[in-house]
Amino acid sequence: MKSVGVLALQGAFVEHENMLARLGVDSFEIRQREDLDSAIREHRLDGIVIPGGESTVIGKLLRELDLYDPLQSALQNGLPALGTCAGLIMLAKKVVSDRVSTADVLATGGEAEYFGVLDVEVKRNAFGRQLGSFATRSDFAGTDIPMVFIRAPFVAQCGPDVEVLARVDGKVVAVRQNNILATAFHPELTGDLTVHTAFVGMG
Amino acid sequence: MNDRYELNKNLAQMLKGGVIMDVSNPEQAEIAQNAGAAAVMALERIPADIRAAGGVSRMSDPKMIRGIQDAVSIPVMAKVRIGHIVEAQILQAIEIDYIDESEVLSPADDVFHINKTRFSVPFVCGAKDLGEALRRIAEGASMIRTKGEPGTGDVIQAVRHMRKMQQQTRQIKAMDEDELFEAAKQLQVPLDLVNYVHENGKLPVVNFAAGGVATPADAALMMQLGAEGVFVGSGIFKSGDPAKRAAAIVKAVTNFEDAAMIAELSTDLGEAMVGINEQEIELLMAQRGE
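Residue numbers (my numbering), protein chains in the order written: chain A, 1 to 203; chain B, 204 to 493.
Don't read these hints as lab results, they were simulated from the structure.
Mixed in with the good hints there might be a few duds.
Claimed, not checked - Pairs of lysine to aspartate or glutamate residues, derived as DMTMM-like cross-links and limited to a Cα-Cα distance of at most 25 Å, are as follows:
#1 K212(B) <-> D192(A)
#2 K447(B) <-> D169(A)
#3 K94(A) <-> E209(B)
#4 K171(A) <-> D206(B)
#5 K212(B) <-> E29(A)
#6 K93(A) <-> E233(B)
#7 K447(B) <-> E17(A)
#8 K405(B) <-> D161(A)
#9 K405(B) <-> E29(A)
#10 K94(A) <-> D273(B)
#11 K171(A) <-> E209(B)
#12 K94(A) <-> D26(A)
#13 K405(B) <-> E17(A)
#14 K376(B) <-> E17(A)
#15 K405(B) <-> D192(A)
#16 K447(B) <-> D144(A)
#17 K447(B) <-> D46(A)
#18 K171(A) <-> D264(B)
#19 K212(B) <-> E17(A)
#20 K212(B) <-> D144(A)
#21 K93(A) <-> D46(A)
#22 K388(B) <-> D313(B)
With the hints as extra help, turn the sequences into a complete structure.
Quick look at the structure:
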């Protein structure tokens, strides 16, 4: 993977760019349609990172900036992707929440707000509010790494083709399906490059 | 510092590139979330009304804050008076996501800010310059915002504070190491924080703009001046079409350098909040708490 697009609509995208730079991978920000179109034209889109942030904000901006359809078809056609926290929610087929809000109704009802390319059901804010945020260490595909969870989701159910890469307290927090890698935690907030290395190795 | 402080700084990182909106009830909170707010600030009266009403302004009723927590999935913030330890304890008890120790409310203590290191929930504090920002961080703030002049719809003070912070940050970065001790003395802040700014050219926490932001152009202006995100208070729900204006400000913050897009976003937004010029106001809230 030589050149990676980082979805830069809202959230902690700069942190991902820094991690990719440490791995010697070029990255560019996708803030609007032209950023994506030009990258595809010039064959600069080897993969995409969907960062942490607020999934409702990112979901809304994807639609309003006309990025949703082209990105979804790119993902369906096998574009390698790394989604972290909100990024995991954006990639999931189904999102559930303990609170009912309009955004959730949209997510699970008629209009698909999220990409739906990863066959998992994700529970949003699954560890509670900010007081439930925590840092820990756990095994990720055979390597012990630091994990930071910020108002994090977890994976409540996995489809048959989904490989579980990490669990914390029995809850699934990292998964892979074909070219899509997603974590409930934030590898971009620790100095550890394990997850980004796995992502860059996919394409 | 400890894990909790790191986690609290991390939450602010997740808010970057976002807009945090003042809301007074669950309906407004939903409008804000649907318009793309990254978080909401729950308060009974928005700053423009606080300014108009006068009198002592306090923390909001926990019932009203809980109603907003139940209405949205995004983080919920709320304000406490400067130095009011117990109001902060109350907000922590109801599991608020972020506390704003705010000059918009009437100060409870004219000498001491809250010792924020004693709390598990994160705090955002206002600052007019680098010294004030670093003093708040030393006290445990995990996010900083400009003070602006809340409730006026006049962006001049937010601009002044952001420019000042950026200018002082560049000065510290350019200094010889030998000069940092004197800089810490002049700024009245701990040396280790000055060292951090010298090495990294930025604050050790996320820095947002706040105060007087009323249009997509105001929000983009603050981003171009170096803000990492924007608080919008009275500017949204004091305007003619709150949902449309809120959504336009959100998009302007994401694409803050695209003038053509901001021109589109600024078109036909309805009436902006009327606002008061800086010179016309009697109470300068930004002077509260140095």
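Earlier hints that do not hold, by number:
Of the numbered hints given earlier, those the structure breaks are 2, 3, 7, 8, 12, 16, 17 and 18, listed in rising order.
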